[in-house]
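Chains as they are written, first to last, in UniProt numbering: chain A, 1 to 396; chain B, 1 to 396; chain C, 1 to 396; chain D, 1 to 396.
These aren't lab readings, by the way, just hints derived from the structure by calculation. Any given hint could be a false lead.
[As the list claims (entries may be wrong)] Quick look at which bits of chain C chain B covers, simulated, 3 or more residues with Cβ under 8 Å: (1) 170–176; (2) 268–279.
[Said to hold, decoys possible] Below 30 Å or equal to it, Euclidean Cα-Cα: the simulated DSBU-like pairs (lysine-lysine) are: (3) A/285 to D/285; (4) D/285 to C/389; (5) C/285 to B/285; (6) D/178 to A/389; (7) D/389 to D/327; (8) C/393 to D/285; (9) C/178 to C/49; (10) A/285 to D/178; (11) B/285 to A/327; (12) A/229 to B/393; (13) D/178 to C/285; (14) A/229 to A/285; (15) C/393 to B/285; (16) B/178 to B/285; (17) D/229 to C/285; (18) B/49 to B/178; (19) A/327 to A/393; (20) C/229 to C/327; (21) C/327 to D/393; (22) D/285 to C/285; (23) A/389 to C/178; (24) A/285 to B/229; (25) C/327 to D/178; (26) A/393 to B/285; (27) B/327 to C/393; (28) B/285 to A/285; (29) D/389 to C/178; (30) B/389 to C/285; (31) A/178 to B/178; (32) A/285 to C/285; (33) D/178 to B/285; (34) D/389 to A/327; (35) B/327 to B/285; (36) A/389 to C/393; (37) B/389 to D/389.
Backbone N, C-alpha and C define an ideal beta-carbon position, used for all residues, glycine too.
4 protein chains.
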Amino acid sequence: MDFSVSPTLTAHMEAASQLVQEQLIPLEPLLLSHDYPSLMEEMELVRHKVRELGLWAPHLPESVGGMGLSLLAFAQMAERIGYSPLGHLAFGCQAPDAGNAELLLHVGSETQQARYLEPLARGEIRSCFAMTERHLAGSNPVLMNSEAEFDGSHWHLNAHKWFTTAAEGAEFAIVMAKTEPEAARHQQASMLLVPMDTPGVSRLRNISVMGAEGYGPFSHAEMVFDDVKLPADAVLGRPGQGFALAQARLGPGRIHHCMRWLGLAQRAIDEMTRYLQQRAITADKVLGQQPLAQAMLSESVASLQAARWFVLHTAWQVDNGDFGQAKAAISMIKFHTANMLQQVVDNAVQMHGGLGITDDTILAFIFREERAARIYDGPDEVHKLSAAKQLLKVAQ
Amino acid sequence: MDFSVSPTLTAHMEAASQLVQEQLIPLEPLLLSHDYPSLMEEMELVRHKVRELGLWAPHLPESVGGMGLSLLAFAQMAERIGYSPLGHLAFGCQAPDAGNAELLLHVGSETQQARYLEPLARGEIRSCFAMTERHLAGSNPVLMNSEAEFDGSHWHLNAHKWFTTAAEGAEFAIVMAKTEPEAARHQQASMLLVPMDTPGVSRLRNISVMGAEGYGPFSHAEMVFDDVKLPADAVLGRPGQGFALAQARLGPGRIHHCMRWLGLAQRAIDEMTRYLQQRAITADKVLGQQPLAQAMLSESVASLQAARWFVLHTAWQVDNGDFGQAKAAISMIKFHTANMLQQVVDNAVQMHGGLGITDDTILAFIFREERAARIYDGPDEVHKLSAAKQLLKVAQ
Amino acid sequence: MDFSVSPTLTAHMEAASQLVQEQLIPLEPLLLSHDYPSLMEEMELVRHKVRELGLWAPHLPESVGGMGLSLLAFAQMAERIGYSPLGHLAFGCQAPDAGNAELLLHVGSETQQARYLEPLARGEIRSCFAMTERHLAGSNPVLMNSEAEFDGSHWHLNAHKWFTTAAEGAEFAIVMAKTEPEAARHQQASMLLVPMDTPGVSRLRNISVMGAEGYGPFSHAEMVFDDVKLPADAVLGRPGQGFALAQARLGPGRIHHCMRWLGLAQRAIDEMTRYLQQRAITADKVLGQQPLAQAMLSESVASLQAARWFVLHTAWQVDNGDFGQAKAAISMIKFHTANMLQQVVDNAVQMHGGLGITDDTILAFIFREERAARIYDGPDEVHKLSAAKQLLKVAQ
Amino acid sequence: MDFSVSPTLTAHMEAASQLVQEQLIPLEPLLLSHDYPSLMEEMELVRHKVRELGLWAPHLPESVGGMGLSLLAFAQMAERIGYSPLGHLAFGCQAPDAGNAELLLHVGSETQQARYLEPLARGEIRSCFAMTERHLAGSNPVLMNSEAEFDGSHWHLNAHKWFTTAAEGAEFAIVMAKTEPEAARHQQASMLLVPMDTPGVSRLRNISVMGAEGYGPFSHAEMVFDDVKLPADAVLGRPGQGFALAQARLGPGRIHHCMRWLGLAQRAIDEMTRYLQQRAITADKVLGQQPLAQAMLSESVASLQAARWFVLHTAWQVDNGDFGQAKAAISMIKFHTANMLQQVVDNAVQMHGGLGITDDTILAFIFREERAARIYDGPDEVHKLSAAKQLLKVAQ
């Protein structure tokens, strides 16, 4: 067992941190003030620099222009990148594009890869993933109203989805729909590749989430697919493979989120630390000398460190086995890290007092934005039950 | 000991609840979509109905047009009113006007009462309270940069404040400033009545809080008072009485908040209950049959009920004694109820899954808006220390 | 609504507190050092004084020699009595005798009352209640291996029970057994009155609980009833009424426990307060000036106060309605108060440092003894589910 | 970074686990029933087997008969050994002997090593460590009443200590006492080697802790050293070096405790897992199918895993640097792991229902015995403040 980091990876991590500090953190006020057009323009310049530094797409293999890192190495990069909410977009590894690219890489046909994967991996286009049904419980993915019928030459897709992240401005969607209604429950759905400009595709709205409708990659849409006509080769993988692929996509996706949350938690702790060191509470004392503040800091750092090593070990476990073996661990880091993040950010907000709830720091944004961490990709409760069933070997 | 509610109060509470359900809850989407002009227009109509029903200003004595309730009776009304975030504004008991009116009532001169209190109590004008210093720790109110000097005929006020709630559109401000720099530490400040149109008063911005700058009564301003010239009788109470009055104002203010939070927590529980009863998770099961959801509901209701009776008893204690005797209890209900609210709302959000973080329900609004509950009017930490010092009779 | 306490009740409460302070607390070291013979001897003297003061059996009607209090008044007495773990035994209201007496009072025949209730109410004999099955989950009381068959003239009882509290030295047991195996699930069991000297009754052991086997009223036995022959009138109430009676017995029993826990929590807080005031941590500072200690004290007091008023209100609700209406509330105070107690005692132990885990104070005893509070009479989890089903009106 | 375990260490760990399962767990009932003489006799046989297997003293270098492991390797062994409360005694690495041996190893003179270290390392004798003052706060080690004066040829020691673990049956004590009253505050104390049969040494009592006085290595004594005459070379290290040595001793000691707690937490989880798999709650369901039980299991495993990797990383940090650099991390794992253990064991007790509080399983023992984990070697609060001061670089 050896916890040291290789010199190459260390250099990558430091380069990433420097770029986040110098290029991205200064752009965060544009995000907080909802000035998306200026933000997107600036972000393009940063993405350019990321590519120049050879740090683009750390999660993807070199064959499609990525860094070709192990999951464990990516985890350590992701902490540095995720230190700013703008990080993953800047480094070309943002959800849902990261997961979509991995899907296309593993099961996309050559044509599909040429058309969708290559520009996506290069960051020239964006994509979205339409799985959650508007009127059904996301925690039970077998419940599905969306359907696609094959008429012998084309698919006809009818679906009503929501929480389709980053749909606004996306070039294509991957849509889950029932295509084999007669098959066994977990083999009824397929994934369909749908260009967003296909007739019948409409974005009803960007859902207002925590007070804001967001924009482009920072938005979640409600989508209607109304008798959308698609070519025969629109299916990703095989028909009926939808659930299996969704699971395959979500495993790494959950680890990716955990890695990113470590970065956000570290950010909150650094903000808290700086504030405690500087904020005067009397003529000769700073807040950091107040024992209650000290205890909250120590608890925050301890719980981040504990979550961190659990996440890194799980990434290593996946690198040295497969997602199946690590299934219980992935469920556990998902809820454990999300709860750690919520608590750490809550502490950081509290330590900042009134300032903490304003948008003069990044903390209030993380607080409200990442409340969703305990919900998306499976709520805490689902992961707790799922992990326990693995651990106990009892029926699901 | 008798926990029954008088028929009169019961009738008031039911009338208030009916109005909240029928008139206010339908207006909440205007708040959530930031359509303030429409909202304010509709609110005027509701306020008119409140007056017709004799439910206006439940916290004020009949002499100035209020309901003349005891604090304990007001507490029970406030739960019903606070069920909607729009309630207190509709019933004429919103912060900071409620506290300002109480101050004016107790120490305002006849002239001050005629000019400020009477239209304020009738809801014809709004006011604000400028205490928190822009650059100093609010938890230590002795730290104060704001100053007012008396030149023999006028006061000259210089101050930089923030978190001046509802400053936008207010007719006047009550401003804390140091006027007696040579006096003992707690006798240096005074409260000054400042019409908002006085030259030198400027509102720099509405502070963006949890992603939004708000509007009018739903905003918090950063204010500059630059050499503002005020008449000799601008002082509220006596010069040097500022801290004493601020304490006197904050005691009831904290109880008022607790009462309102009970209403918000009940709202969250009712939303959660309805959702658990209706949300299908399989073909024949609703979410409310899931044990983890059941446990979260029971824990939420239990902690609300416990906090509720503690708050009501404290109100009774004040009615039958004074704020001084109830000082430790007020500190304890402040942090205890605020934490209960945060946990209950967090549970309600979690139970709603993705829907819970959208603005399609009121929950995400309460979640982000009332994160401040553990901070304003004294953060948890300050109240925990303060209560303990009372309980232990050790030096502050 | 009126939270004041009548002068009569106040006088009773003060008399009870004085007796606990002066007579019982000095006996606690005998309990802690397991010197039961000396303890029981001293306790007899105290019980005599309790009777002289007219404070005997506050939970029972005057007709059988009790104080004839409402449940709400008893609750307030019980806090004072429960301040010492020896209190309830001293005042003649200890479990399981209190519940057994109530059962006999409500459904006992005249003969049964004369033989069992009268000496029990006077404290001349003790009893036990044998419900929990040795090998079956107590959380599902329908599971029952114990049986009694009626041969036309006598009952023949075969049962293996455990956690039969206070069996050692008891004069009689009330035993749950299946008597109507053909009836509907909840109508199969009956309660049987069994003199402990009946042939076939044997106490296998006092179960070692948290390191000690206890003694007499401070013990929990494993019992075997091996073909015990009982007269026809051994049934309490009607055959098949066992579950209904057990529920009727447990409702008040749970409230009684909650009331007692309030007393224990107050005790822990008083011990903590005194220690914080006296323990020097430097030459000129006591522990009570340490902010982390202050915060733990305030949190403890706040959570006790909140639980307290919730319990008292529930008692009032029962006085003014029935146990059925208050069913959800009783489940909620059961788990809420038990958890409050555990947390408060844990805080008190922690504040005492090394001393807190020794038997030089009462805290370690409460800590280990009342860990069971979250388990007996229904574990937290069962009450959370049960309360939620009431609140949601969904199927059990 | 590589989380794999070497084949050699894996083999050691498996051998240790097998011995714990087969030899030690069967002896635990002797511990629980306080049958210490039988226990000690059986333990000798097990210790013999441990030596035969080459697993003796994993924390000590080979030069004194230990396994010569790195701290990281010992950590992994210690988890397996600590799986039973009897483990550390069986493998020759129990507190306080482990820490005493390390002290003697690092600063003992040749004579001291020959007389004390060698038989101690071989497990032929036991020792104790008398630091905590009977009447002073252990959290402030500068407070010290114990004194030793040098008369030119001998030391005369006067001290009143308590929580002297394992004093009963120990061959010698290491005693902290003030020897240089004129020196700077942290240079006043020395450590003295005191054979327990020296005139003036008396053990007043084994302190009753959580209901039991224990025995030998399972006891904590109150000790009086009344004018104890010691030779000039009784000082360990240099006079005045006492605090420095105590710190040096406590750093590894805290890590050793954390490692051991990981083993105990794993034990609690394994007991819980087995019970959930086997305990029937209805005719066709086991407890492990109950969602609330599942959630508690998942939360327990997740928090153990997180703490585990944090502890292992800290051990690695010490192996690759020194205790000074890892000071904040050691404080954080101390409170974080102790709290994890308490929560996990609490969950395991709760899941076992009534059985959980009996001594029919090991859980109630761990529950009450390790409540002290959050107190000994520095209470949570002290470590939170201490870590924060390191993290913030503010004055202590």
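Structure-based check of all given hints:
| no. | hint | in the structure |
| --- | --- | --- |
| 1 | 170–176 | violated (count 0) |
| 2 | 268–279 | holds (count 3) |
| 3 | A/285 to D/285 | violated (60 Å) |
| 4 | D/285 to C/389 | holds (20 Å) |
| 5 | C/285 to B/285 | violated (60 Å) |
| 6 | D/178 to A/389 | violated (58 Å) |
| 7 | D/389 to D/327 | holds (11 Å) |
| 8 | C/393 to D/285 | holds (24 Å) |
| 9 | C/178 to C/49 | violated (42 Å) |
| 10 | A/285 to D/178 | violated (34 Å) |
| 11 | B/285 to A/327 | holds (27 Å) |
| 12 | A/229 to B/393 | violated (77 Å) |
| 13 | D/178 to C/285 | holds (22 Å) |
| 14 | A/229 to A/285 | violated (68 Å) |
| 15 | C/393 to B/285 | holds (14 Å) |
| 16 | B/178 to B/285 | violated (64 Å) |
| 17 | D/229 to C/285 | violated (35 Å) |
| 18 | B/49 to B/178 | violated (42 Å) |
| 19 | A/327 to A/393 | holds (13 Å) |
| 20 | C/229 to C/327 | violated (37 Å) |
| 21 | C/327 to D/393 | violated (55 Å) |
| 22 | D/285 to C/285 | violated (58 Å) |
| 23 | A/389 to C/178 | violated (35 Å) |
| 24 | A/285 to B/229 | violated (35 Å) |
| 25 | C/327 to D/178 | violated (63 Å) |
| 26 | A/393 to B/285 | holds (24 Å) |
| 27 | B/327 to C/393 | violated (41 Å) |
| 28 | B/285 to A/285 | violated (58 Å) |
| 29 | D/389 to C/178 | violated (64 Å) |
| 30 | B/389 to C/285 | holds (14 Å) |
| 31 | A/178 to B/178 | violated (71 Å) |
| 32 | A/285 to C/285 | holds (19 Å) |
| 33 | D/178 to B/285 | violated (71 Å) |
| 34 | D/389 to A/327 | violated (39 Å) |
| 35 | B/327 to B/285 | violated (49 Å) |
| 36 | A/389 to C/393 | holds (29 Å) |
| 37 | B/389 to D/389 | holds (25 Å) |
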